[in-house]
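Enquirer: Chains H and U supply the protein sequences, listed in that same order.
Residue -18 is where the first sequence starts when you use this note's numbering, and the numbers rise one by one after that.
Residue -4 is where the second sequence starts when you use this note's numbering, and the numbers rise one by one after that.
Derived from the structure by calculation, the hints contain no laboratory data.
Treat the numbers as computed from the prediction; the structure is a model and nothing was measured.
Glycine included, C-beta positions come from ideal geometry on N, C-alpha and C.
Hints are not guaranteed to be accurate.
Claimed, not checked - Computed beta-carbon distance windows for the label pairs:
#1 Tyr29(U) <-> Thr8(H): 45 to 55 Å
#2 Gly259(U) <-> Thr8(H): 46 to 56 Å
#3 Arg74(U) <-> Trp44(H): 39 to 49 Å
#4 Leu195(U) <-> Thr8(H): 45 to 55 Å
#5 Ile45(U) <-> Trp(-5)(H): 24 to 34 Å
#6 Pro302(U) <-> Trp(-5)(H): 35 to 45 Å
#7 Pro338(U) <-> Val76(H): 50 to 60 Å
#8 Ala(-6)(H) <-> Ala119(U): 15 to 25 Å
#9 Asp326(U) <-> Trp44(H): 28 to 38 Å
#10 Asp282(U) <-> Asp15(H): 22 to 32 Å
#11 Phe333(U) <-> Asp12(H): 29 to 39 Å
Said to hold, decoys possible - These stretches of chain U come out as covered by chain H in the derived footprint (C-beta under 8 Å, 3 or more residues):
#12 133 to 147
#13 152 to 158
#14 163 to 174
#15 178 to 184
#16 205 to 215
What the hints assert, rightly or not - To be clear about the criterion: a stretch of chain H counts as covered by chain U if any three or more of its residues have a C-beta under 8 Å from a C-beta of chain U, and this derived list gives those stretches:
#17 -17 to -10
#18 23 to 37
#19 72 to 83
The chain contents come next:
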Amino acid sequence: MDMAQALVMGIQAWLVIGALVAAVFLTIGIDRIDEDARGAYIFRPLLIPGVLLIWPLVLWRWWQIETERAAWADRYRPVRAGHGTAAILMSVAIVAIVIAGLTVRQSWPADTAPVQLSEGGDR
Amino acid sequence: MSVKYIPVQWNPNKWAYDAIMLAGVAAFLWVFLYVTPEALSHERPINPQIHNARAFGACAFVMLTVILCIGPLARLDTRFLPLLYNRRHFGVMTAFVALTHAGYILNWYFAFSSSDKYVGLLYANASFGQLAGFPFEVFGIFALICLLILAATSHDFWLKFLTPPVWKRLHYLIYAAYFAVAAHVSLGILQDQQKPFFTLLFVGGTGAVIVLHLMAWRAGRTAQTVSKDGAWVEVARATDFTEGFARITQLANGDRVAVFLLEGKLSAIANACAHQNGPLGEGRIIDCLVTCPWHGFQYDVRSGRSPAPFTEKVPTYRVRVMGDMVEVHPDANPPGTFVEPVPLPPAPDPEEPQPQEEAPA
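The following block holds chain H by itself, in its conformation from the complex:
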């Protein structure tokens, strides 16, 4: 239970930080780094869920653009090389998990009458 509670609290903290980042980025940052966003406000609420989920990536890119650290050619370099690897890994993993799932599948008589194993508590 402690671990589960800690995980839920961690997720809540992640989302709270994301909300703070979203508030700053969507009101100040976006106008500084993207000319197409200047004067465009209606689409900005659509970006909130994305910032909540990947706010570290947002901060990293924001910093990269502000400091002009990214090489121009990087933008035009498709990542096809990784596509085959991803497809093969996915395929192998799916085959393995489906076989594993079918292997451990159990069958039992569907018409077995239910049996009460212990006394019920007082109402």
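Based on these hints, arrange chain U on the given structure of chain H.
Expert: Chain U only, in chain H's frame:
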């Protein structure tokens, strides 16, 4: 295309695409809920919440399977490209369907205890050390988070902000999500199936995704081109070019270059569209502008620039003709750099190769 952002870019084709998609989702849910209970092992009494949860879960699986089939199908056969154009709307809808599935599960199985339902979801089954009875919920949670990230970052802003390569890498999460869904189903509902219909549907769907992806991967590997003289790369023979179309070659670093023939002259630009890295070389030239087959972005093939008022730019490359062979230099020029087009020899003579002048950068 580099104008002020709007929430959703609609056009008649997208309206039709989305209408068909929504009708398909409604039809699937109706068939699942009301037409096929026996085929889906629902002859045993289950309450509406569980029935709805299963319907939306199965629908999300089928939608995700279709989404993952569209990409390789479009690579194997260009007739499937129209299915690719609006796939982002398909993905967003899938995320909502999966979220509905999760909502039904959460608000039925975990909503009636004194503890928080989210804590209950993570705490109820902790048998991580065994395959039978493994907490398959974690795979579903992971897949749902992936789908939400993909849906939440589907706006064009994210493409420009993250850059297409980073955006694409982020969206590789779709493969991890699909594996997680397969694991979620294999160790979850598949354990409870007494009838073969759902099992066959599931194995058939995942099998189709695997076969198509491996076929597309094999097809892509055959398009390798080797660098010549350590620099210039052969693209194709002069006779292979068709007016208004391109030949595509792959450089040693993995980048692809599209060499176009326009009014008898050759121009080369990066094959990756600045929008979503779509294959510009598969587009056709109209009025000096090549149109990306994915989303309609346009570029002047001589300069790599979109027409005003748009501001997209792609890198250009130098071209030369050696004998009857068209070659391209692998060093890309900065995006938007004008390169003088190189005339294509009118009648190649294999007996007497006549090298032509190199185009200025």
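Enquirer: When the hints from earlier in the document are held up against this structure, which numbers fail?
Expert: none
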